[in-house]
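S.K.: Chain residues, written in single-letter form:
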Amino acid sequence: MLYAVLCYNDENAVSAWTREEDDACMARLKVVTDKMADAGRLGPVVRLLPTTSATTLRKGKSEPMIIDGPFAETKEQFLGFYVADCETLDEALAFAKDLAVANPGIGAYEIRPVQFYTPGNPRG
Amino acid sequence: MTADIAWIEAALTSARPQAMSALLRYFRDLDMAEEAFQEACLRALRTWPENGPPRAPVAWLVLVGRNSGIDSLRRTRRETGLPPEQMLSDLGDAEADMAERLDDRHYRDDILRLLFICCHPDLPANQQIALALRIVAGVPMRQIARAFLVSEAAMEQRITRAKARVAKADLAFGPPDALARNERLGAVALMIYLIFNEGYSRGYADKAAARLCDEAIRLARILLGLFQTEPEIMGLLALMLLQHARAAARTDANGQIVLLEDQDQTLWNQAMIAEGLALTDKATRHRQPGSYQVQAAIAAVHARARNAAETDWARIEALYSLLEHLQPSPVVRLNRAVALGKIKGAEAALAMIAPLADALDGYFYYHGMRGGLLLQLDRYAEAREAFNRAIALAGTAAEAAHIRLHIDRIEAAFHDSAVSPSKPSPGPVELR
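Protein chains in written order, with our numbering: chain A, 1 to 124; chain B, 1001 to 1432.
Same shape as in the complex, but just chain A:
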């Protein structure tokens, strides 16, 4: 089954990395994701820009409200996600653990089964 691995961390901490630190971390993560991709189990991988660049559309009774930034204020922000094909929760957790080793520090991964999935092809 498909699992989404959702990444949460303090985006200020992430944006304090130097370019070199960021590149090094991305390279370590790539080793982990390459392993999954080679096994044909990796779906889309998405890294989001900071929440300050986000806009929220909140549905209401009449016209939807458009708000700057994410709606809720939290210490940790949703920074990106992976989709991976995992037989069991343990497998998905093992994947998330590898990601955590490659990207040490604070933060959390939420491992959540996928209900509906379409890979899409926006730039194809």
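Everything labelled a hint here was simulated from the structure, so no lab data went into it.
It should be emphasised that the depicted structure is a prediction, and the values quoted were computed from it without experimental measurement.
Please note that a few of the clues may not be correct.
Covered stretches of chain A, going by a simulated chain B footprint (3 or more residues, C-beta under 8 Å) [unchecked claim]:
1) 15 to 29
2) 39 to 53
3) 57 to 69
4) 102 to 111
Just so you know, even glycine gets a beta-carbon here, dropped at the ideal spot from N, CA and C.
Mind docking chain B on chain A? Use the hints.
M.R.: Here is chain B on its own, set in the frame of chain A:
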């Protein structure tokens, strides 16, 4: 293990503005806040690798820093008999409580205050910048000195003097009213943009200076995180991102300047451009145009053009006209003339900049651009004179070399009498 230390250092850097501003509120003294923060960082480096990072690093640093500050105040009191409690705004709460309080709305005024302190009007711009880099961003003294091309000792002295000056400033520690908050925000935005410009203008040749751009962007992101609905702060961040995105394409392998229209777009940083464009669009929705937003919108037109030939110069000209309305200045007029030249030709552009001759006589770009326009009209002698003026005013070797290239083309045009219909085709001097 090294990864651990690198992570901790990054965490301390990112926690610094927030922790420093909270400590400043407690101690109401910049030096004391800085010492307390440094002590907390030392303890973090000792204990975090063993115990793991705390759940709320900022709260941990503030708590530890505050305690160590109080300890040292008590020692000072024993030695000199000063009453420390009066210097502290309040006492006695725990880390959890601290975390709550840091989330408080007051916090954004704290961090704004810390930035604002660095914008003291008595300080010359380069001291404001140095102070902000040291105090708020926590850039090591050695790096700031390198970025400003002075010795570490000289920079240390400069910052100490700047600190002494701001220490005398009587800053209100209560929450500011809306008007005062806006004034502070405007001053802080300008200071951040000065940091950026310092890095941008010298970043061609100097990697240490170029790092200042990253710091300015980081500070603007923090500021926007605190004031999420301020279109001018969106504009400021967008402007810096869109300009900095082109950093790798601005010089060639020999360190020579590459004009915007000749740049290899594949070298542009796409993530920065995406963020800059999204922020520009967000800001525009507010319908409160300001100078950063308009400049960002101009940079966005360049970024959106699939290649230089497809640039929407009419839109750029209109945006410069709006910018001139918001912020009249000869330099803005000069930029507007560049756009006008693209739509209506060099003659029209020359007519537009003619009245600027006195105001911009000491300005490198004025003469460089004028020379380029004259060259397009085959007015070689005048072009050459303008380029000579530009070279004399060039701020960096790369700027001078770029102008030299134009002069060489003129020479070639003069000497190579097999002058084909294809004239030398110089681009205008890049103004951004």
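S.K.: Give a verdict on every hint.
M.R.: Comparing the hints with the structure gives:
| no. | hint | result |
| --- | --- | --- |
| 1 | 15 to 29 | holds (count 6) |
| 2 | 39 to 53 | holds (count 5) |
| 3 | 57 to 69 | holds (count 3) |
| 4 | 102 to 111 | holds (count 3) |
When held up to the earlier numbered hints, the structure conflicts with none and fits them all.
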